Amino acid sequence: MKSKKAILDAKRLSGQDDVQVILNDMKKVSDELSDSSEELEQYMSTFAEFSDILVITLKKLTPQIMNATTEECKWKIIWFLRFHPMPSSAAICSPNKKGKALKIVKELCYECMRKAWLEVSGLQLSNSMLLFVVPHFVEKLMDLLPSTELFSDFLYRTFNSGGYLAVLSLAGIFKLIVKNNFEHPNFYSDVYSTISSNICYSNYAQKFFSLIDLILSSSHVPVYIIVAFLKKLSRVLLYSPLHCQLPLLTSIKNILKRHEVAHSILLNRENPSVSVALTILLWEIKAIQQHWHKKVADKAQFIDQKMQDHEVGVVWQTSEQIFDSVFNKSLAKLNSMESTLPDNSSVSQDDDDDQEEQDEYEPEEKRVRFGNHKKIVGLNLINEKEPSNSFLSFENTNKLWCS
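The opening residue of the sequence shown carries number 1 in full-length UniProt numbering; numbering runs sequentially from there.
Honestly, the hints are just simulated from the structure, not real lab data.
None of the values given here were measured: they were computed from a predicted structure.
One or more hints might be untrue.
Claimed, not checked - With a Cα cut of at most 27 Å, we get these calculated DSS-like pairs of lysine-lysine:
#1 Lys140 to Lys115
#2 Lys175 to Lys231
#3 Lys207 to Lys257
#4 Lys294 to Lys257
#5 Lys294 to Lys231
#6 Lys106 to Lys76
To be verified - Restraint-style ranges between C-beta atoms, simulated for each label pair:
#7 Val261 to Met129: 38 to 46 Å
#8 Thr69 to Val312: 17 to 25 Å
#9 Arg235 to Lys294: 17 to 25 Å
Cβ coordinates follow ideal geometry from the N, Cα and C atoms, glycine included.
Use the sequences and the hints to build the structure in full.
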């Protein structure tokens, strides 16, 4: 297989003393690799301990990135940088042709990586590429690379494209504002426009709403902005799935606790003119109190109670975890009901004989009445509110009844 041969060639090249020989043959080796991310990661890990070679490779690669025009070439560059190992020590030495120690510090590795990614950000990337590049850059590279403010144009351009890309780039813009003192006059308006119930059905809902909670954590945020966000989050709450409703309720509760002025405006019951009940009252939370899930309904009761002195941790669960908890609880309840019923198999044969003798001397009407009673006791295992197994069968369509 060509990919395995390329990895073996990479190991052979890594033992060379001449860096120039390695650089000349690396292109031929990398061309034999397939598009598999696992093979590329294994290929890159071969050179993980030779950071000097990787730095020189990045210096050779960076000027050629802008010449990438095809989708295939862009993807290869992105994957190469994606699996580029970051330095683990402050200085790594590697012998060169003349026997001198080539000392490369960690900052130089980060600087070369920054220049390479900066060239990539200037390319015309498709949406599929941006969906891969933006999360990796924001979550793993922004805290390591120097001069990340140079990527502001890339992040703002991605944010202005709208949709999911705007949500993904929002965390990077917030980091620029906090760490690099960037000015964004319409920041809260832009964040407000990204909040939608569609996010609740995405894979990054937890990260997004955690970021919203972090953005609204400052005490310097104007009250009208807090009130607007609370109303928007409450409206999203009505259309969100179950696994998002519990953490959203907790976040809304924490924001109200954090900003007492907003709490007095939204939940003022003594003076309706202050609460502006028809426009900004949190009636959505009152509606959630009628939710079919008991935990969600109980969580929404906080607006009718006194606010706690401390915030509550936000716990996120998947739909599968919630389903398992509900199913296990129902199954445990059913097992407890079965354990309270008498075990018919434990009845002795003598008791059965005595019961038969007693039935022989009973009147026929009484015997029939007791027989019906026994059948009804046996049916107590079925919930009266649930249909039987033959409820939808055609043979019983004329025997349907409602309790």
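Results for each hint:
1. Lys140 to Lys115: Holds: Lys140 and Lys115 sit about 16 Å apart, inside 27 Å.
2. Lys175 to Lys231: holds, 25 Å
3. Lys207 to Lys257: Given that 27 Å is the threshold and the Cα spacing comes to 21 Å, the pair holds.
4. Lys294 to Lys257: Distance ~23 Å between Lys294 and Lys257 Cα, so the pair holds.
5. Lys294 to Lys231: Holds. Lys294 to Lys231 sits at ~23 Å (cutoff 27 Å).
6. Lys106 to Lys76: holds, 25 Å
7. Val261 to Met129: 38 to 46 Å: holds, 44 Å
8. Thr69 to Val312: 17 to 25 Å: Once the Cβ atoms are compared, 53 Å apart, the range 17 to 25 Å for Val312 and Thr69 is violated.
9. Arg235 to Lys294: 17 to 25 Å: Roughly 23 Å apart at Cβ, these two residues keep to the hinted range, so it holds.
Checked against the numbered hints given earlier, the structure breaks only hint 8 and satisfies all the rest.
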